[in-house]
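Taken in order, these protein sequences are the chains called Y and F.
Using my numbering, the letters of the first sequence map in sequence onto residues 17 to 235.
Using my numbering, the letters of the second sequence map in sequence onto residues -14 to 186.
None of these hints come from the bench; they were simulated from the model.
Quantities reported herein were computed from a predicted structural model and do not represent experimental measurements.
Think of the CB as a built atom: it goes at the ideal place given N, C-alpha and C, for glycine as much as any other residue.
It is possible that some hints are incorrect.
Here are the in silico distance ranges between beta carbons for each label pair [said to hold, decoys possible]:
#1 F/Ser57 x Y/Glu41: 15 to 23 Å
#2 F/Gly13 x Y/Val43: 14 to 22 Å
#3 F/Leu4 x Y/Asp75: 37 to 45 Å
#4 Y/Leu99 x F/Asp45: 41 to 49 Å
#5 F/Ser121 x Y/Arg73: 53 to 61 Å
#6 Y/Ala116 x F/Arg65: 26 to 34 Å
#7 Y/Ser35 x F/Arg65: 50 to 58 Å
#8 Y/Arg19 x F/Leu83: 51 to 59 Å
#9 Y/Phe117 x F/Ala142: 53 to 61 Å
Quick look at which bits of chain F chain Y covers, simulated, 3 or more residues with Cβ under 8 Å [to be verified]:
#10 2 to 10
#11 24 to 32
#12 63 to 72
#13 78 to 85
#14 146 to 156
#15 167 to 173
Chain Y side only, calculated, beta carbon under 8 Å to chain F, not exhaustive [what the hints assert, rightly or not]:
#16 Gln27
#17 Ala54
#18 Ala65
#19 Leu81
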Amino acid sequence: MNREAFENRLQDLLDARRSPASDVELVRAADEQPELRALLTAYELLASAPRSVPALRGDLTERVLSEWKQLPTPLRPAMPSWLAPLAAVAATLVIATSIAFLAQDRGANQLVDKPSENSATVAQSPIADAPDLNRLTRQAALNYRSLAANTEASFSSALSVVQPNRRKAATTEPATPEDSNWLRSVPNNLRPLSNSASGAVYSLMRAVPGTDSDKQEGY
Amino acid sequence: MHLLGERSRERVNLRDDELELVRRCLAGEQAAATALVDAFRGAVFGLCYRMLGHRQDAEDVTQESFVRALRSLAGFDLTRDFKPWLLAIAGNRCRTMLSTRKRRPPMAMPAEGVEEHLPGVEEAKHLGEEVELALSQLREEYRQAFSLFHQEQLSYAEIGEALGCPVGTVKTWVHRARKELAAALIQRGVVEEQRHESRGV
Chain Y
17 MNREAFENRL QDLLDARRSP ASDVELVRAA DEQPELRALL TAYELLASAP
67 RSVPALRGDL TERVLSEWKQ LPTPLRPAMP SWLAPLAAVA ATLVIATSIA
117 FLAQDRGANQ LVDKPSENSA TVAQSPIADA PDLNRLTRQA ALNYRSLAAN
167 TEASFSSALS VVQPNRRKAA TTEPATPEDS NWLRSVPNNL RPLSNSASGA
217 VYSLMRAVPG TDSDKQEGY
Chain F
-14 MHLLGERSRE RVNLRDDELE LVRRCLAGEQ AAATALVDAF RGAVFGLCYR
36 MLGHRQDAED VTQESFVRAL RSLAGFDLTR DFKPWLLAIA GNRCRTMLST
86 RKRRPPMAMP AEGVEEHLPG VEEAKHLGEE VELALSQLRE EYRQAFSLFH
136 QEQLSYAEIG EALGCPVGTV KTWVHRARKE LAAALIQRGV VEEQRHESRG
186 V
């Protein structure tokens, strides 16, 4: 047995935690060659070398446990390993869908704002020509409010004219300064009446023949 | 075969005991945590001491490793062995400590450093001291791998987990360490002394 084979055999024995002296073949080879004998002895010494580690302090366990007790959170089973990837995939899907919708919406707006080759058919379609119902409704409401205001203003001017012709007062006493003042307080859209005009109206009312009921009341 | 079967059964029983301790720790039982630390403190401290070569640092890293292990216990895969997992944590902490040491300026060795246990050439009388002296001359990886295998009795797989390298690499390191150590012992005449002592006996 040569030196290399001898040493490999020694290594295998030590790997298996067996004593080299237990191998008959190795011992025989060592007896024949002093060099191999020295190797055999050296490997035996290595395998039997005493463990020289200093003693550990006795309070290690207490120190570990006291530090363990100070943990901020109690021990609990870990989050399932599949949960984190699932959450990440879900978040990615949501973001991707949102981006897709936003891009689609922006693309449609660009088609309307900037007509392109494709937008011709879209613009000519009945949908593109359809009026905005909300806008029409708002416009109609505004028109109605304006009409109502104008109508009220028109009637209020008529009332302004008729109001001084309070029959009883008109028949029994002449127009008073209060009546004239009231006539001046008509809405701004009416032409202001002067005292002379109110007097003219009063005279006109007296000149018009009254009805039967007027006669009964003394007109 | 019979012996192997016995050992296998013992290993299974040991593993069941470890898992039971882990489960009780997860339930917050302090007595189980105490038992778990007591069961593995020697192995973890041995690993840290072999890797760091410094008693105080080894104690600090041992404590830190146990706290980290207890804190991460909820993430431990119950189908695996506990000891390699724990040693891997300790090995990681040791490597972090070693990298920190390289960055910081050298400091005076404390009174209980490993150097104190390594005698000078003239003082090397005993076999253990001779082996320690020869070990100190080896490359760091060889020294760690050899010490963990022969002195801490860890398997190649456990050493691989602790050092963070493949089993084949560990095996190569241990073989080279043996070869260099044997050559050193022969060169220093330790082998001859031992043979004379054996004859005398």
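Structure-based check of each hint:
One distance hint, 15 to 23 Å for the beta-carbon pair F/Ser57 and Y/Glu41, is violated here, with the actual separation near 49 Å. Here the CB-CB span from F/Gly13 to Y/Val43 is close to 57 Å, at odds with the stated 14 to 22 Å. As the Cβ distance of F/Leu4 to Y/Asp75 is approximately 27 Å, the hint placing it in 37 to 45 Å is violated. The hinted range of 41 to 49 Å is not satisfied by Y/Leu99 and F/Asp45, whose Cβ atoms lie roughly 36 Å apart.
A C-beta distance of roughly 24 Å is found between F/Ser121 and Y/Arg73, which places it outside the suggested range of 53 to 61 Å. Distance hint check for Y/Ala116 and F/Arg65: the Cβ-Cβ separation is about 44 Å, which falls outside the suggested range of 26 to 34 Å. Judged by the Cβ atoms, the range 50 to 58 Å given for Y/Ser35 and F/Arg65 is violated: they are separated by roughly 32 Å. Under the hint 51 to 59 Å, the C-beta atoms of Y/Arg19 and F/Leu83, about 36 Å apart, miss the expected range.
Against the hinted window of 53 to 61 Å, the Cβ-Cβ separation of Y/Phe117 and F/Ala142 comes to about 54 Å, which satisfies the hint. Counting residues of the stretch 2 to 10 of chain F whose C-beta sits closer than 8 Å to any C-beta of chain Y gives 1, which falls short of three, so the coverage hint is violated. Requiring three or more residues with a Cβ within less than 8 Å of a Cβ of chain Y, the coverage given for the stretch 24 to 32 of chain F holds, as 4 such residues are present. Coverage of the stretch 63 to 72 of chain F by chain Y is violated [criterion: at least 3 residues with CB-CB distance below 8 Å; count 0].
Counting residues of the stretch 78 to 85 of chain F whose CB lies closer than 8 Å to any CB of chain Y gives 0, so the stated coverage by that chain is violated, three being the minimum. Residues of the stretch 146 to 156 of chain F lying with their CB closer than 8 Å to a CB of chain Y number 1, which falls below the three-residue condition for coverage. Residues of the stretch 167 to 173 of chain F with a Cβ under 8 Å from some Cβ of chain Y number 4, which satisfies the need for three, so the listed coverage holds. The criterion of a C-beta within 8 Å of any C-beta in chain F is met by Y/Gln27, whose closest approach is roughly 5 Å, and the hint holds.
Taking 8 Å as the C-beta contact cut-off toward chain F, the hint placing Y/Ala54 at the interface holds, the least distance being around 5 Å. Restraint check, Y/Ala65 versus chain F: the minimum CB separation of about 4 Å is within 8 Å; hint holds. A distance limit of 8 Å between C-beta atoms decides the matter here; for Y/Leu81 the minimum to chain F is near 6 Å, and the interface restraint holds.
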